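Number of protein chains: 4
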Amino acid sequence: MTVRVAVAGASGYAGGELLRLLVAHPHVEIGTLTGHSNAGQRLGALQPHLLPLADRVLAPTTAEELAGHDVVFLALPHGQSAAVAEQLGPDVLVVDMGADFRLKDPTDWETYYGSPHAGTWPYGLPELPGARAALEGSKRVAVPGCYPTAVSLALFPAYAEGLAEPEAVIVAASGTSGAGKAAKPHLLGSEVMGNMSPYGVGGGHRHTPEMIQNLSGPAGERVTVSFTPTLAPMPRGILATCTATAKPGVTAETVRAAYEKAYADEPFVHLLPEGQWPATASVYGSNAVQVQVAYDANANRIIAISAIDNLTKGTAGGAVQSMNIALGLPETTGLSTIGVAP
Amino acid sequence: MTVRVAVAGASGYAGGELLRLLVAHPHVEIGTLTGHSNAGQRLGALQPHLLPLADRVLAPTTAEELAGHDVVFLALPHGQSAAVAEQLGPDVLVVDMGADFRLKDPTDWETYYGSPHAGTWPYGLPELPGARAALEGSKRVAVPGCYPTAVSLALFPAYAEGLAEPEAVIVAASGTSGAGKAAKPHLLGSEVMGNMSPYGVGGGHRHTPEMIQNLSGPAGERVTVSFTPTLAPMPRGILATCTATAKPGVTAETVRAAYEKAYADEPFVHLLPEGQWPATASVYGSNAVQVQVAYDANANRIIAISAIDNLTKGTAGGAVQSMNIALGLPETTGLSTIGVAP
Amino acid sequence: MTVRVAVAGASGYAGGELLRLLVAHPHVEIGTLTGHSNAGQRLGALQPHLLPLADRVLAPTTAEELAGHDVVFLALPHGQSAAVAEQLGPDVLVVDMGADFRLKDPTDWETYYGSPHAGTWPYGLPELPGARAALEGSKRVAVPGCYPTAVSLALFPAYAEGLAEPEAVIVAASGTSGAGKAAKPHLLGSEVMGNMSPYGVGGGHRHTPEMIQNLSGPAGERVTVSFTPTLAPMPRGILATCTATAKPGVTAETVRAAYEKAYADEPFVHLLPEGQWPATASVYGSNAVQVQVAYDANANRIIAISAIDNLTKGTAGGAVQSMNIALGLPETTGLSTIGVAP
Amino acid sequence: MTVRVAVAGASGYAGGELLRLLVAHPHVEIGTLTGHSNAGQRLGALQPHLLPLADRVLAPTTAEELAGHDVVFLALPHGQSAAVAEQLGPDVLVVDMGADFRLKDPTDWETYYGSPHAGTWPYGLPELPGARAALEGSKRVAVPGCYPTAVSLALFPAYAEGLAEPEAVIVAASGTSGAGKAAKPHLLGSEVMGNMSPYGVGGGHRHTPEMIQNLSGPAGERVTVSFTPTLAPMPRGILATCTATAKPGVTAETVRAAYEKAYADEPFVHLLPEGQWPATASVYGSNAVQVQVAYDANANRIIAISAIDNLTKGTAGGAVQSMNIALGLPETTGLSTIGVAP
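Chains as they are written, first to last, in full-length UniProt numbering: chain A, 1 to 342; chain B, 1 to 342; chain C, 1 to 342; chain D, 1 to 342.
For the record, the hints were derived by calculation from the structure and aren't laboratory data. Note that this is a predicted model, so its numbers are computed, not measured. By construction, the Cβ of each residue, glycine as well, lies at the ideal position given by its N, Cα and C atoms. Treat each hint with caution, since some may be false.
Claimed, not checked - Below, in silico cross-link-like pairs of lysine-lysine (DSSO-like), each with a Cα-Cα straight-line distance of 30 Å or less:
| id | chain 1 | residue 1 | chain 2 | residue 2 |
| --- | --- | --- | --- | --- |
| 1 | D | LYS104 | D | LYS247 |
| 2 | B | LYS247 | B | LYS261 |
| 3 | D | LYS247 | A | LYS181 |
| 4 | C | LYS184 | B | LYS181 |
| 5 | B | LYS184 | C | LYS184 |
| 6 | C | LYS247 | D | LYS184 |
| 7 | A | LYS184 | A | LYS139 |
| 8 | C | LYS139 | C | LYS247 |
| 9 | D | LYS104 | D | LYS261 |
| 10 | D | LYS181 | A | LYS184 |
| 11 | B | LYS184 | A | LYS247 |
| 12 | B | LYS184 | B | LYS139 |
| 13 | D | LYS104 | A | LYS184 |
| 14 | C | LYS261 | C | LYS247 |
| 15 | C | LYS104 | B | LYS181 |
| 16 | A | LYS104 | A | LYS247 |
| 17 | B | LYS139 | B | LYS104 |
| 18 | A | LYS181 | D | LYS184 |
| 19 | C | LYS104 | B | LYS184 |
As the list claims (entries may be wrong) - If you want the footprint, here are the derived chain A segments under chain D, 3+ residues with CB under 8 Å:
| id | stretch |
| --- | --- |
| 20 | 217-229 |
| 21 | 244-251 |
Said to hold, decoys possible - Coverage of chain C stretches by chain D, computed from C-beta distances (three or more under 8 Å per stretch; other residues unrestricted):
| id | stretch |
| --- | --- |
| 22 | 144-156 |
| 23 | 195-202 |
| 24 | 310-320 |
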């Protein structure tokens with residue numbers, strides 16, 4: 001099987017990472033690539049690392065240009081996906097890498113994004129309970145946010161097994177590519193190198209309701225989330241440190257068992273041997289997730305930590321993984337679990 | 001006034017930072033510098049950034065070499081300070097940059113350090129309630145750990161005003177100099193650049209009881225601490241993200257007021273204007289502390305964040321600040337609040 | 001075709017990168033992996049990014065362990081390859097990633113390495129004139145050094161076309177992985193981040209005679225090389241800035257034409273469009289080489305610059321490329337030209 | 001003596017570094033600070049590391065605002081300094097940190113900057129032969145460019161003693177702050193971390209004629225310069241690797257002697273002991289210069305390498321050093337030779 005794939009928004013970091021993966025995918029033929037302000041430019045000038053595609057020229061992002069493909073990936077600013085998806089027709093697999101179709105609750109969407117809710121599509125985090133089945137054969141996929149990917153995979157097993165109180169406290173460090181390619185002064189290399197800084201503190205980050213949604217489902221009760229993202233001096237990677245008070249009776253053994261159960265058969269999530277902790281460098285450029293968990297008896301808290309590459313498993317790799325499932329291909333096709341390290 | 005100062009352990013990162021500050025201190029004359037395996041070597045070969053001291057030669061760390069000084073700084077491995085201090089006599093100001101005399105509870109010491117407790121000296125974090133008075137005129141000072149400095153300054157105002165439940169959850173990112181100068185594979189540049197990784201997860205880090213001690217005092221009740229340190233790809237700096245559930249009745253205003261009260265007159269702690277968050281780059285190489293605090297009503301948590309330079313305010317700068325107080329000098333003498341940025 | 005491959009020295013950076021590539025190679029079955037001081041350990045503890053091989057255990061590096069493979073890669077310290085290769089027999093393809101068999105001139109070897117010369121094997125830089133033919137069907141391959149790879153590809157076209165005077169001046173910046181995984185103080189993250197520093201200045205670097213060999217051949221006369229390597233604050237990558245005085249009559253056009261001729265059909269070397277310059281980030285983790293050249297009329301010099309990943313094209317990728325040729329496989333099998341960026 | 005100082009252009013990197021130094025200068029009172037698009041803003045929002053000046057508000061850059069000061073520093077875009085200086089009157093010490101008054105040859109200026117030449121002021125690199133005398137008592141100072149500072153100090157001793165042929169080949173690596181604070185995509189942290197890349201290759205960099213001017217004077221003949229700047233993944237620092245063919249009769253000893261002679265009495269330039277090489281980390285945030293030189297007999301070249309902090313000695317520190325000389329203060333007042341390391 002070969003599917004013809006278009007990418008809308010090929011000049012940004014998400015689009016670039018997606019193309020890196022699609023070039024290596026054995027069942028993909030890369031079709032139209034589009035851009036907005038960069039339409040008409042050679043990809044080689046915008047994404048100099050994508051040598052095999054250097055001579056491709058970006059088309060404008062229009063329904064006409066995106067027509068005639070089996071799969072269309074949308075890497076567009078929030079709020080633009082619905083209109084494009086509507087024009088593509090129900091038989092095209094549309095994979096939205098933006099936020100538009102992630103949230104189930106219209107009020108959450110409106111509160112955090114300030115615009116009318118476009119709807120909810122099957123959610124592209126196959127490791128969540130029930131998610132894989134919803135993706136099979138689907139023609140629409142909502143790719144999760146990068147932080148919710150890291151956080152949900154770190155914490156959902158504890159909630160699914162009823163081990164954690166429903167107040168999660170999360171501090172995550174992200175590489176700068178998570179902030180995108182638009183030039184802003186605080187993202188200059190001179191500013192970020194040698195620097196750790198928080199942002200969106202106090203509950204304001206838009207990924208918060210997505211985390212609540214992902215954890216509350218397995219928990220069977222509403223989980224509150226205190227989420228503090230920080231910007232780390234590295235291009236890629238998320239390290240999510242996630243803690244919650246343990247419910248009565250929890251032990252180190254019951255915690256470990258919950259995670260072994262959750263991840264025994266997952267091809268991308270690697271529960272590390274006891275005593276070894278995740279490191280973003282180990283998953284650099286790969287679709288792998290490293291997870292480890294501990295129980296701190298003195299503080300009576302579960303501490304679960306995950307490491308992902310925000311652009312791969314956190315965005316483009318997760319998108320390809322979901323595409324594979326939706327198309328009925330082996331889930332790991334075209335995706336590596338080996339990080340580029342050191 | 002000019003005091004003659006010796007530094008035991010001048011070849012490591014703490015000793016080097018201390019010398020950087022002492023060279024610029026108007027009341028200090030630098031006397032003997034000692035090393036262990038490096039005794040006999042030129043300082044210029046070991047600390048090439050200390051140009052004015054390049055031709056100094058390290059003496060061995062013995063009581064004889066350290067005799068005849070008004071102030072002796074000890075930057076020695078844990079467990080060695082008591083024996084040296086004893087030989088120096090009661091009239092010499094001894095400032096211990098190691099952990100030996102920080103903890104009040106012998107059991108805590110023995111649990112975390114595995115050796116007999118040497119005692120407790122006045123604690124060199126002048127901003128803590130009561131600490132400054134204990135340092136005035138003292139001939140012994142225990143310099144705090146770097147993480148406890150950052151965490152205590154972020155959180156104690158909330159506890160001192162009774163705003164936070166006694167279960168603190170802390171995730172801190174540290175630059176690699178906090179791990180010292182001994183060559184270990186996981187600290188190689190190839191390993192740490194582009195990498196975020198946790199260590200000592202689950203309550204095992206030795207700075208945990210020191211944080212508990214510093215927060216429980218102001219709280220008037222025992223505070224538990226869930227502490228997760230992470231290694232960040234930068235040479236210096238600690239960003240401490242500290243959260244706790246708010247006690248009933250807490251509002252954003254009461255939280256802000258507690259911090260304004262605590263830091264109104266502190267020369268080194270800068271409570272940022274609302275909306276601006278700490279960044280380690282802003283305090284690089286300085287004794288300044290940036291603090292900010294928020295109340296997340298959805299999660300009902302206080303989030304307090306601090307940024308320090310682990311080698312300056314977190315070690316050597318804090319040591320000089322305490323020396324100034326002990327000697328009756330203006331507390332800010334020889335210390336800058338300007339970071340080297342960008 | 002499937003070849004069974006052993007890797008001697010699997011715990012270091014070169015061995016780790018080789019395994020990353022071999023896992024993705026469609027004609028390779030990974031057999032024995034050996035280590036020296038790490039024999040007996042799980043690979044997952046030593047190379048945590050190689051998830052699919054995490055449970056492999058390292059064998060000792062002996063002829064018995066390495067027997068029974070079609071291909072053996074040697075990633076050993078200098079001077080050890082000859083003895084191992086001898087025991088493997090003439091029918092096994094032995095690819096030496098060390099320096100032992102690179103140099104043709106025994107005197108050069110003895111001068112720079114201080115031991116008896118072991119011999120000369122076909123040289124694994126297929127892009128050099130004549131090199132590809134010597135590799136076809138060969139059972140022995142000497143993989144080039146990382147710096148000579150970058151420098152030779154930047155400069156040989158100018159020499160092959162008689163455009164440059166035989167005095168090359170080269171300054172190259174390398175990521176720290178080039179210095180290996182052994183823990184040394186000056187390679188600590190604290191030391192290398194934020195730091196540029198030279199080493200081996202004045203002609204002492206062991207890669208110098210290899211560069212002279214590679215340039216003198218195409219030049220048809222002895223080329224002297226002034227080579228200054230510098231350590232850059234990044235894990236991977238070499239940027240080689242190579243200049244030489246232009247011979248009379250040289251113009252920007254003749255220079256450009258020489259490089260277009262040299263690289264028109266090379267699958268891994270990408271001569272960039274005029275005005276675009278190489279960047280190590282663009283080739284991160286890939287076997288691609290970016291090359292650009294300019295003629296400075298004011299200084300009458302040719303400036304040729306290349307960017308490679310020192311661990312991929314500069315070591316393990318070059319080794320796989322040569323293995324492919326030696327085995328008669330398509331040269332690009334299992335090798336990517338897409339960098340992991342940003 | 002106390003001089004009242006204004007800074008025009010206080011929101012950029014050069015202005016920020018200058019203020020960091022001026023706050024610590026014992027004879028300076030900081031007066032008006034101006035900005036262009038940032039006029040009206042608090043400095044604390046623009047330069048969060050300058051805590052003691054956080055509440056200062058930027059004035060617009062007009063002659064009225066700058067009037068009434070003893071010293072005015074201009075950190076303005078090229079081409080704007082002449083008009084401002086003219087209005088300030090001949091008794092005010094004007095220190096121009098831009099390029100406008102550096103070059104002696106109007107043709108060079110027009111070729112590289114494309115505008116009419118404004119004139120030539122005493123050149124603020126006191127270590128150059130004759131420069132210090134011209135600065136004493138002067139009311140106008142042209143601060144050198146950062147690259148010319150590093151390159152001239154590395155190479156002029158070899159030219160002053162007639163040891164080097166007049167064709168210098170220079171490759172320099174600079175931290176990203178040298179590119180300024182304007183947000184451009186290629187300067188994003190995501191782009192520069194892990195990346196080395198050249199720019200302005202082939203003679204186009206505007207600092208080239210300034211280097212030629214600085215080396216030709218001591219040489220007594222016109223020196224051509226092949227200059228390749230590269231962008232390194234660090235916020236600060238320049239490492240300049242400078243080579244030239246040795247004139248007949250040159251030996252390692254004559255080279256060393258030339259540098260010992262040149263720098264025996266210089267307070268900021270530190271000729272390292274033989275065998276030790278410069279590192280940008282050693283001079284981070286300081287006005288020190290590390291220099292080392294070698295003679296490569298095989299290539300018959302002199303290799304001189306310097307390390308500076310581009311913002312300190314390369315811009316703001318050099319400016320303060322020249323101000324001190326112009327005012328008759330001790331040259332080292334307010335300037336440190338200790339780097340912030342590690």
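Practice task
Would you mind confirming whether the straight-line C-alpha gap from LYS247 (chain D) to LYS181 (chain A) stays at or under 30 Å?
Solution key: Outside the cut-off at roughly 50 Å; violated.
Exercise for the section: Mind checking the alpha carbons of LYS139 (chain B) and LYS104 (chain B) for me, to see if they're no more than 30 Å apart? Expected result: Holds, because 18 Å separates the two Cα atoms, which is no more than 30 Å.
Exercise for the section: Quick one: see if chain D covers the stretch 195-202 of chain C, three-plus residues with Cβ-Cβ under 8 Å. Expected result: holds (count 7)
Handout entry: Given coverage of the stretch 144-156 of chain C by chain D, checked by CB-CB distance under 8 Å (3 or more)
Key = violated (count 0)
Exercise for the section: Count residues of the stretch 244-251 of chain A with a Cβ under 8 Å from any Cβ of chain D, then say if the count reaches three. Expected result: That given contact is violated, which follows from only 0 residues of the stretch 244-251 of chain A lying within Cβ reach (below 8 Å) of chain D.
Problem - Proposed proximity, LYS184 (chain C) with LYS184 (chain B) (alpha carbon, max 30 Å) - result: Roughly 8 Å separates the two Cα atoms, so the pair holds.
Exercise for the section: Take the C-alpha atoms of LYS104 (chain D) and LYS184 (chain A), compute the straight-line distance between them, and say whether it is at most 30 Å. Expected result: Violated - the C-alpha atoms of LYS184 (chain A) and LYS104 (chain D) are around 37 Å apart, more than 30 Å.
Exercise for the section: For the pair we were handed, LYS261 (chain C) and LYS247 (chain C), check the Cα-Cα distance against 30 Å. Expected result: OK: LYS261 (chain C) and LYS247 (chain C) at ~19 Å, within 30 Å.
Exercise for the section: Take the C-alpha atoms of LYS181 (chain A) and LYS184 (chain D), compute the straight-line distance between them, and say whether it is at most 30 Å. Expected result: holds, 10 Å
Handout entry: Pairwise hint evaluation, LYS261 (chain D) against LYS104 (chain D), where the allowed Cα distance is 30 Å at most
Key = holds, 27 Å
Handout entry: Claimed coverage, the stretch 217-229 of chain A by chain D - three or more beta carbons nearer than 8 Å
Key = Since three or more residues must qualify, the claim that chain D covers the stretch 217-229 of chain A is violated, with 0 doing so at under 8 Å.
Problem - Residues of the stretch 310-320 of chain C with Cβ under 8 Å from chain D, three needed, outcome - result: violated (count 0)
The structure shown violates the earlier hints numbered 3, 6, 7, 8, 11, 12, 13, 15, 19, 20, 21, 22 and 24.
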